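Residue numbers (the working numbering), protein chains in the order written: chain R, 1 to 299; chain W, 1 to 299.
Hints should not be assumed to be uniformly reliable.
As the list claims (entries may be wrong) - Restricting the straight-line Cα-Cα distance to at most 27 Å, the calculated cross-link-like pairs of lysine-lysine (BS3-like) are:
#, chain 1, residue 1, chain 2, residue 2
1, R, K228, R, K180
2, R, K138, W, K138
3, R, K180, W, K199
4, R, K275, R, K244
5, R, K138, W, K199
6, R, K253, R, K180
7, W, K199, R, K51
Said to hold, decoys possible - Selected chain W positions facing chain R (in silico; Cβ < 8 Å):
#, residue
8, M1
9, A201
10, N217
11, I267
Hints are computed from structural coordinates only; laboratory data are not their basis. Predicted model, so just to flag it, every value in this text is computed and none were measured. Here a beta-carbon is modelled for each residue, glycine too, at the ideal position from N, C-alpha and C.
Protein chains: 2
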Amino acid sequence: MYFNVQIIGSGKAVGSHVVESMELEKEMGVQRGWIEKATGIKSRYYVDIRKNESALSLGIEAAEQAIQKSGLSTEDIDCIIGANGSPMQAIPCAASLFQRELGLEDSGIRCFDVDTTCYSFPMAFFVAANMIANNIYKNVLVISSDAPSRTLDITGKEVKSLFWDGAAAFVLSESKDESKVHHFLLRTYSRGADFTCVKGAGTLKPPNDPNTLPEDNVFYMDGWKVFKAAVRYLPIFFNEFFEKNPYNRDDYKFIIPHQTSKKGIDIFERYGFTKEQIGNHLKHTETVLLHLFQCCFMT
Amino acid sequence: MYFNVQIIGSGKAVGSHVVESMELEKEMGVQRGWIEKATGIKSRYYVDIRKNESALSLGIEAAEQAIQKSGLSTEDIDCIIGANGSPMQAIPCAASLFQRELGLEDSGIRCFDVDTTCYSFPMAFFVAANMIANNIYKNVLVISSDAPSRTLDITGKEVKSLFWDGAAAFVLSESKDESKVHHFLLRTYSRGADFTCVKGAGTLKPPNDPNTLPEDNVFYMDGWKVFKAAVRYLPIFFNEFFEKNPYNRDDYKFIIPHQTSKKGIDIFERYGFTKEQIGNHLKHTETVLLHLFQCCFMT
Chain R
1 MYFNVQIIGS GKAVGSHVVE SMELEKEMGV QRGWIEKATG IKSRYYVDIR KNESALSLGI
61 EAAEQAIQKS GLSTEDIDCI IGANGSPMQA IPCAASLFQR ELGLEDSGIR CFDVDTTCYS
121 FPMAFFVAAN MIANNIYKNV LVISSDAPSR TLDITGKEVK SLFWDGAAAF VLSESKDESK
181 VHHFLLRTYS RGADFTCVKG AGTLKPPNDP NTLPEDNVFY MDGWKVFKAA VRYLPIFFNE
241 FFEKNPYNRD DYKFIIPHQT SKKGIDIFER YGFTKEQIGN HLKHTETVLL HLFQCCFMT
Chain W
1 MYFNVQIIGS GKAVGSHVVE SMELEKEMGV QRGWIEKATG IKSRYYVDIR KNESALSLGI
61 EAAEQAIQKS GLSTEDIDCI IGANGSPMQA IPCAASLFQR ELGLEDSGIR CFDVDTTCYS
121 FPMAFFVAAN MIANNIYKNV LVISSDAPSR TLDITGKEVK SLFWDGAAAF VLSESKDESK
181 VHHFLLRTYS RGADFTCVKG AGTLKPPNDP NTLPEDNVFY MDGWKVFKAA VRYLPIFFNE
241 FFEKNPYNRD DYKFIIPHQT SKKGIDIFER YGFTKEQIGN HLKHTETVLL HLFQCCFMT
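So here's chain R without its partners, still in its complex pose (with noise of 0.2 Å):
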C-alpha cells in the first residue's frame, strides 16, 4: 500500500499565556524541579481567555498559516477535517465550527471529524490520504487543535504537568514529487480505555445529571497504567509494522513518538530506534508536534 500525497502547507499555534513548570510546583505544592524531572518539561503554553483564545482560535490560526504556505487560497480547499483529541462543542463537529470561522459558511466545504483522540490527527491524514488516492478530494486540510487548560483545574498533578494548549494545521493534496504516506498501522487496545479518559460530557454522563459528579468532567489518567500498557503492545505493534513495509528501522530518519513525557518518548530506544532518529520535542513547546505523529496507542 502506499498512497501518492504530500503535505503541501502547514502551521502551528499555541496558547500566549507562558507558564513555567517552576509556577505550577509552587501551585500544585511539589517539590521545586519535580516536573521537570518527571516529565522534561520547562514550560507550557496556555489559551489566554481574556484575549478570547481558545482550541477554536488556535486551530484557525494554524489553518491560516497551513494555507498560505500551501500557496492555495481558501476556496481551493474542498474538504476540512477536525482532528482534535478532544470536542471544543458536543455539536456540531469541529470541522464545521473551523469552516465558518474561516470565513466559510456559504461554501459548502465538506466538514467532518475524525476522532482517535490523542491519535486523532494521524488517523485523519490517513483517512484524506484514501480520499485523495481516489479522487474524492483534492486539497484536504486536517486542523487539530486542543485547549485542555480549559479543564485542568481538579484534575491530578500528573495531568496538571503534562497539558497545556496548541494546534496543527496541515493541507494535503496529490504528490507532485516522490512524497508518499508508504504505510499505516493503527492498533486499538481497549482494555486500556479507562486509563486515560474524560468519562462526562456526553450521554453516558451528561453534564447536567446531579449523578455526574465534577471530577467525571476533567480528564483522569493513571500514567504508569499507560506506560505498562504501552510496554506490552509496542513490540507486537512494531513487528507487525515493520513485516509489511518495505523499509526498515535505518531508513526512518526520524520517528515521531505522542510527546507525553520523556519516559515515554525514551522507551522506543528499547524497540530498536536510535536517540537520533527519535524526536523529543518536550523542551522546545513551542513546535506542536503533539499530535503529528504518535506511535501506536490507547485510543
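Following the hints, position chain W against chain R.
Using the frame of chain R, we list chain W on its own:
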C-alpha cells in the same frame, strides 16, 4: 466514482421505555394532538436507565445483530467506526468503548470515530467504503447510537417532541454481487452551525466552568431556521448531486431523508421525487433509519 462495497449485515436497537406523544403533551402542558400534528410522531423509545440501557448498550445490541447477520465472527471484523451523532463521553472515542463491550479489548482491532452530527453514519459509511476499496480493511463495523433522551430535561418543546434513543449498525465488505456505492456528495454550510447545537460539553464551555450555563449543555434547535436553510441549499445540492451521477431521480427506488419531522420529509417532493420514493418512518419509529441515509445538511 464507485466503490465495490456492500452491506453484509445490519442491526438495530431502541430504548425499551415507550413514551406516547400524548404523555409528553401532558407533561409539557400543550394541547392534545399537537405533537403528532406538528411532527408526525406518535410514540418514541427512551433508554431505561434502571435497566442500564444507554447509547453504549443500544450500539452493542445493534452491532451484535449486524455481525450475526453478516455470517462473520467477531474476530473477522478488522475495523470499528463509531458514528454517533453526539458523544457518549469526551474521551476515548465511541468505537473503542464499543470494542471493549464486544469483548475485543485485546484484539487490537482499529477503532476511530467519524463525526458530522446527524450525518455521521453516511459519512462513516463512505470513509469505510474508501478504505475497503483501497484494500486497507476487509470487514468494517459501523455503529451509530444515540440516547438524546438523557439530555432533554430543559430543552425546548420542539426538541423534546422529536428526539428519542436508537442505534443502527452495519458490517461493510467488498461486494460479492452487483451492489456498489455509486455516488456520494456531502456539503456543509456552517452558516447554520448555531441552528442546531450543543455549545457545551467541550473545551469552549467546559462543564465545570461556572460561566457554563445548564442550557449550554443541552441540544438547542431553531427548527424554522433549519427548514429555511434546507429550502435554500437543497436545490443547489441536488443539482450538483445529479450532475455527476450516472443515475437520474427515477432510477432511485428509495431516498431516505433525515427522519426529523413530517414537514422536513415531505419537502423532498418539491425536488422531483414521488411520495412513493421518499422513505418516511416517523409512524414506525422502531425502524431505526434515523441515521441511515440523510440527504444533505447543516452539520
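Each hint, compared with the structure:
no., hint, verdict
1, R:K228 / R:K180, "violated (33 Å)"
2, R:K138 / W:K138, "holds (25 Å)"
3, R:K180 / W:K199, "violated (39 Å)"
4, R:K275 / R:K244, "holds (24 Å)"
5, R:K138 / W:K199, "violated (31 Å)"
6, R:K253 / R:K180, "holds (15 Å)"
7, W:K199 / R:K51, "holds (20 Å)"
8, M1, "holds (7 Å)"
9, A201, "holds (4 Å)"
10, N217, "holds (4 Å)"
11, I267, "violated (19 Å)"
Going through the hint list in order, the structure does not satisfy hints 1, 3, 5, 11.
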